[in-house]
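All chains should be built: construct the whole structure from the sequences, respecting the hints.
In this note's numbering, the protein residues as written are 1185 to 1571.
What the hints contain is simulated information worked out from the structure, not anything from laboratory work.
Predicted model, so just to flag it, every value in this text is computed and none were measured.
Honestly, I wouldn't trust all of these hints.
What the hints assert, rightly or not - Taking lysine to aspartate or glutamate pairs in the EDC-like style, the calculated list, with each CA pair at most 20 Å apart, reads:
no.: 1; residue 1: 1417; residue 2: 1258
no.: 2; residue 1: 1566; residue 2: 1474
no.: 3; residue 1: 1566; residue 2: 1478
Claimed, not checked - Here are the computed distance ranges between Cβ atoms for each label pair:
no.: 4; residue 1: 1550; residue 2: 1513; range: 15 to 25 Å
no.: 5; residue 1: 1438; residue 2: 1518; range: 18 to 28 Å
no.: 6; residue 1: 1326; residue 2: 1271; range: 24 to 34 Å
no.: 7; residue 1: 1513; residue 2: 1357; range: 56 to 66 Å
no.: 8; residue 1: 1204; residue 2: 1561; range: 24 to 34 Å
no.: 9; residue 1: 1521; residue 2: 1204; range: 23 to 33 Å
Glycine included, C-beta positions come from ideal geometry on N, C-alpha and C.
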Amino acid sequence: MSLSPLDLVWLTLNSLRSNPLRSTLTTVGVFMGVAAVSATLQVGEISRATIARRLEERTAPAITVWAWNALQADDVTFFHQRLPNLQAVSAENWGGGGAAIFLDRSAESYTIGVTPEWIDTTGLRIVQGRFITETDYTHYRTSAVIDQFLASQLFREENPLGQRIYFSNRPYTVVGVIESKLASEEEPTGQLLIPLTTLSALTGRRNVSGITLRPAYLEELRSLQSQAEDLLKQRYPDVRYAHVYNNVDDVLEQQQTLELASQGLLVVGAIALLIGGVGIANISIAAVMERTPEIGLRLAIGATQSDVMLQFILEAVLLSLIGGTMAIGSVHGLAVLIAQRFDLPYQFESRIAALSLSSAIFVGVGASFFPALQASQLDPVKALRSQ
1185 MSLSPLDLVW LTLNSLRSNP LRSTLTTVGV FMGVAAVSAT LQVGEISRAT
1235 IARRLEERTA PAITVWAWNA LQADDVTFFH QRLPNLQAVS AENWGGGGAA
1285 IFLDRSAESY TIGVTPEWID TTGLRIVQGR FITETDYTHY RTSAVIDQFL
1335 ASQLFREENP LGQRIYFSNR PYTVVGVIES KLASEEEPTG QLLIPLTTLS
1385 ALTGRRNVSG ITLRPAYLEE LRSLQSQAED LLKQRYPDVR YAHVYNNVDD
1435 VLEQQQTLEL ASQGLLVVGA IALLIGGVGI ANISIAAVME RTPEIGLRLA
1485 IGATQSDVML QFILEAVLLS LIGGTMAIGS VHGLAVLIAQ RFDLPYQFES
1535 RIAALSLSSA IFVGVGASFF PALQASQLDP VKALRSQ
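Written out as structure tokens, the structure is:
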């Protein structure tokens, strides 16, 4: 006669309670394995969130092409036509640093002459007003866009739009404000952006300082950088001082290091979980040998083979659930403490918890399957005689 599910669960719980040492050892084995797997997955998630936060704090990932006194504004078209998967291309010219002045207030800043596409290559958000337009560019207007840092220094709580500021004794009209972000690890400084044509007219320089290429996909950044280097050598083979670089190389290197570390930790976690599974298998085999008379008696009075088999598997599942749940809770608590201590982005991921717990149950069922099968196939007479 087959047992009802409730009777089977009750019988399993009684069996676990009657062998506290065996149950504890099995739970500890599962705990160690699941803790290793869960911690590894959490490290990977925290690493990815940290990289994403660092990228968010900067301007958009981009490639800068630089060549001393060689690049021209029409090189924007040259690179755009020859490089695939570019989201935006812009040119810029360094205008120098100095004091930006509004009425009796001044703040240190630097001027950059840019093309209208500059806002797309940097990925910066326009906070107020607008950015430099084609009309500003083609008509050599003295329109200026400043960043939030400079706006807070010069205007405080006042509206900067339409106000006139001075830089190097030249007046500019503020038409927009952009968010302040760093191109890399550097101290914030006010930015004053004006049309590239206007800066060229004021300084007499026709070349540009650099051309910025924004890839459509971050994964292609280094590949596009290599292609841009080849194109630069073709375009200006005689220029000695030329360089192509990107603004997130340090972050990408850190990302690669963290990914390698996560993969290594995942292997360690898998091994730990496997060791836990071996422990469950050994303890299950010992349990079958110890309880052979009990199994024989149950089979003799009408228990089916599936009842016996399910009991052993259910024991492993319950211990896996207990050990896995404790491991996930412990890793979560430790992750919260570490995240608070080192200011790391952490959020509990139910997906990771489900994956860790599923792996524990899978290992538990797999490890106990053959001992359970062996127990269910015992001959009742021989099993009773073994007592």
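A quick look at each hint next to the structure:
no.: 1; hint: 1417 x 1258; verdict: 16 Å, holds
no.: 2; hint: 1566 x 1474; verdict: 14 Å, holds
no.: 3; hint: 1566 x 1478; verdict: 12 Å, holds
no.: 4; hint: 1550 x 1513: 15 to 25 Å; verdict: 24 Å, holds
no.: 5; hint: 1438 x 1518: 18 to 28 Å; verdict: 23 Å, holds
no.: 6; hint: 1326 x 1271: 24 to 34 Å; verdict: 29 Å, holds
no.: 7; hint: 1513 x 1357: 56 to 66 Å; verdict: 60 Å, holds
no.: 8; hint: 1204 x 1561: 24 to 34 Å; verdict: 28 Å, holds
no.: 9; hint: 1521 x 1204: 23 to 33 Å; verdict: 31 Å, holds
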